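Q: Spelled out, the chains give:
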Amino acid sequence: MTDLRYRLAIIAALIAASVWSIWPRPVVRRLETTNNVIRYDTLRRIPIRRGLDLEGGMHLTLEVDESKGVVANKSDAIDRALKVVRTRIDQFGVSEPVVQRAGTDRMVVELPGVQDQQRAYDIVKEAAYLQMQIVDKSQALDKVLPHIDAILKAKGLGVTAAGTPTQTPSNAGVQSLFTNATADSGKTAGDTTKSRSVAAGTSRRGRHDSAARKAAADSARDSTKRDTTKHDSSALAALTVGPFSQLIQQGGMPGEFYVAKSDVPTITHYLSLPEVQSILPPGKVIRWATDTVTIGQRAYQTFYVLDARPIITGEYLVDANPTTDPIEGTKVDFRLSREGGRRFQTETGRHINDYMAIVLDSVVMGRPPVIESAIGTNGQITMGGKDLQAAQDLALVLRAGALPVPLKVAEVRQIGASLGQDSIVAGLRAGIIAIVLVVLIMVVYYRFSGLLAVGGLALYMLYTMAALASFDAVLTLPGLAGFILSIGIAVDANVLIFERIREELDRGKTPRTAIDEGFRHAMSAIIDSNVTTVLTAAVLYQYGTGPVRGFAVTLIAGILASMVTSIFVVRTFYMIWLARARSPQTISI
Amino acid sequence: MLSLTPADMLRIFHNTTYDFIRPWRIMVVSTVAFISLGLVLLGVSWARTGTSVRYSIDFLGGTLVQVQFQQPPDVGAIRSALDAGGVHDAEIQSFGTNRDFTIRALDAGHSVSRGAAAEAQAPSAEQVAARIDTLLANRLGAGVFHIVRTEAVGPRVGSELRRGAVIAILVSFVITLIYLAFRFEWRFGVAAVIATAHDILTTLAFIKLLDIEVSLTVVAAILTVIGYSLNDTIIIFDRVREDLRKKRKESLYDTLNRAINETLPRSVMTHATAFAATLALLLLAGEVIRPFAWVMAFGIVTGTFSSVYVAGPVLLWIERRYPRDASDRRSAQAKAPKTPTDQARRQAQAASVRS
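Protein sequences, first through last, are from chains A and B.
Okay, so the first sequence: first residue is 1 according to the numbering used here, each after it adds one.
Okay, so the second sequence: first residue is 1001 according to the numbering used here, each after it adds one.
One or more hints might be untrue.
Unchecked claim - Sample of chain A residues facing chain B (criterion: CB under 7 Å; computed from the structure):
#1 Gln-414
#2 Gly-416
#3 Ile-441
#4 Ile-489
#5 Ala-525
#6 Thr-533
#7 Val-548
Derived by calculation from the structure, the hints in this document are not laboratory data.
All of these numbers come straight from a predicted model, not from anything done at the bench.
Cβ coordinates follow ideal geometry from the N, Cα and C atoms, glycine included.
If we strip away everything but chain A, and leave its shape as in the complex, we get (with noise of 0.2 Å):
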């Protein structure tokens, strides 16, 4: 008796606790921050975590871009890396993320239930290296341009088609950007006023190089951009007929320098190439801007020669907050530490008056401002037309750090909220028809016995979803399917069980030892057949990802639970029974 009085408290037990561990509690959700206002929300839910299948959400696989450089040592950058995007997706207020590593090169984020997921893409992928470089004003690449144009010629690059007069080079032209040019002029940093000062231009010298063009298996593509060329005297005069240079005019400063467009994929090729990078000036770089400058009917892109070592880099920016200036429109400023803001008042007092570009994940943001005198602490990055909303992501993005390296997306997963919730909406129906039609069958042909098997498998339901969430396991869409199959195998056990009992019933052995014997012998072949299920689940857990897991879970929680009611649980009903019954003739069975 005292035997059934504990395993009647067991059950008791554990049936409370599976109850409190499942009770529907407030979770207060940090909702995205529009504005910079952190909203609260707070709902009732069971407390068992969705995945991103059932909930909506994003999933990002991450890993380190080698396109840019080899990392060395990758599994450590990982790491650092990992601190700096928990340290973005916090402030961008999205509950229960998830930012882990995934192996030793790659990380994992998700964000459940995250609305606009192209913004919190950015955030997280952006690497927000932050550099101050000089431009240069040694005319270094002009010195280079004969060279290039040799080379590229010599691969037989950069021709125009038959007919198409080159373009003379003259100072006229060149004078007539001067006046012509209207320019989204970027802001200067700190201090500096707003005058742009115009640098002493080099004016190009002309060079006449139509007899050393030839045709190139590729005209076909260089004709189409060839036909967009017209005789328009406001446009820019070429500077030199060579394929490279033809292709680019001085700008207004030194080391700045227009390309049409349409000629953007053609430069961006040619300075690809390697023969091209190797006779590049040594110790300069060549970098775009995302300013786009419209003179006459044409629009170019800007791009600058920068100074490759860095003046000063975002590692000594500790704060950074967005602004509009109905003028100027939005910016970002930006405080530097102290010891960074001693650092850039040294260099840029070194470099008064040259023009120092911000350049932001190798771009150049605005136009590099002229240094007038020099800089302290306190700074500003021009973002040209975007929004506010850029300007907050981008002071986010500053706040919490650069990338110590950058990364690149090896997997993305969107799911919208209505999906997830018709999924949960189908996997129910699914559920209870399941229970349905397995209860039918278990109490139509054990009767009793069956509703005995009904009752176990209704505490196996409970302790299952108890089991998940105390584990905080992840329930996906898969992991439903799961648990809902393993409704239809948890019955096996018990009906293992009962046709033992039967038989010893045939055997003519009386209901008592019949269902003692019944219990026992059926021990090994469930204990057997359902370790095989655990080790295959088990395996599928190991290599599985995502939802895949969420479904191993599941199976092996509820092959747990199944073995505690089918055998733990059943029996002490029939033991209830069998005292009630005190001497039954027979068992309905």
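Following the hints, position chain B against chain A.
A: Frame of chain A, contents of chain B only:
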């Protein structure tokens, strides 16, 4: 309840004495034919396209965009919108209802310039997804559809997942082998393992015949089928083991048949409940789970089949080649069925022994 007699029990297949193993030759031939058909189809696909089954983007990489339209759309319009934007050879399929479609692009498409900073590079999968959104909006209007789900998997991740899936199947195979060696005598273990291998092959053939898209969830289903099939075989072998301990004077053939007959009620019931749950999933749980449910449903069938008609004959064959002990060898030689008339005679003998 207490007054019901045992005779009132609802029992199916009670005290049956079917000779299940008799038609084993036909069964083995037909299953080998089925598997061969599957392998041939797999081989042909592999030779032609480089992949044997239809993989989802989980394993191949690429972009998948699930779109829901207000009204059933014109698929041709979708395709031309995508082609115009450089997304060629996109696979457009309906997904559940006639308003839901999945667009799958493996081709990277034209280069998408991302501002001034990038050199011209092939767009990544997520850029293609964004591009599809724009193209559809431009051609069909933005309010006509909304994107429900986007998945973009890089090729490296895809091939790693594929490798992981294959390893998972192999490892679970090996682990179950080890467990069987531990719990059963080697003859049973080998027979069970061969039955499980058979199930993997038939499931692959089934997947190929129904052209089911192989995703991670389908791999999960395959592994579950392995577990389930093994369950079934173990139940029968456990009974065989128990019957052998009773040292009846019957051959392994008869013991096997007896075990199958004795466990028949349990098998039918368990398969019925498992099938009920799988049917519910197949019909009601939605399009994402449907491939999983198909594989599971077939798995139940093949798991049952292999326990009787693969594990059984293999066990018998092993027994004949490597008998357990001298007395068994003698009885095996004396009673091993070689001709149909032989079998009929033995059946008559066995029947008289039982009654």
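Q: Against this structure, judge whether each hint is valid.
A: Hint-by-hint comparison with the structure:
1. For Gln-414(A), the interface hint holds, the least distance from its beta-carbon to any beta-carbon of chain B being 4 Å, beneath 7 Å.
2. The interface hint given for Gly-416(A) is met, as the beta carbon of that residue sits about 5 Å from the closest beta carbon of chain B, less than 7 Å.
3. For Ile-441(A), the interface hint holds, the least distance from its beta-carbon to any beta-carbon of chain B being 6 Å, beneath 7 Å.
4. Annotation: Ile-489(A) was flagged as interfacial toward chain B, and the flag holds, the nearest CB pair being 6 Å apart, inside 7 Å.
5. Against a cut-off of 7 Å between C-beta atoms, the interface hint on Ala-525(A) holds, since the closest Cβ of chain B lies about 4 Å away.
6. A least Cβ separation of about 4 Å between Thr-533(A) and chain B falls short of the 7 Å threshold, and the interface hint therefore holds.
7. With a cut of 7 Å, the hint placing Val-548(A) at the interface with chain B holds, because the nearest CB-to-CB distance is about 5 Å.
No hint from the list above goes unmet by this structure.
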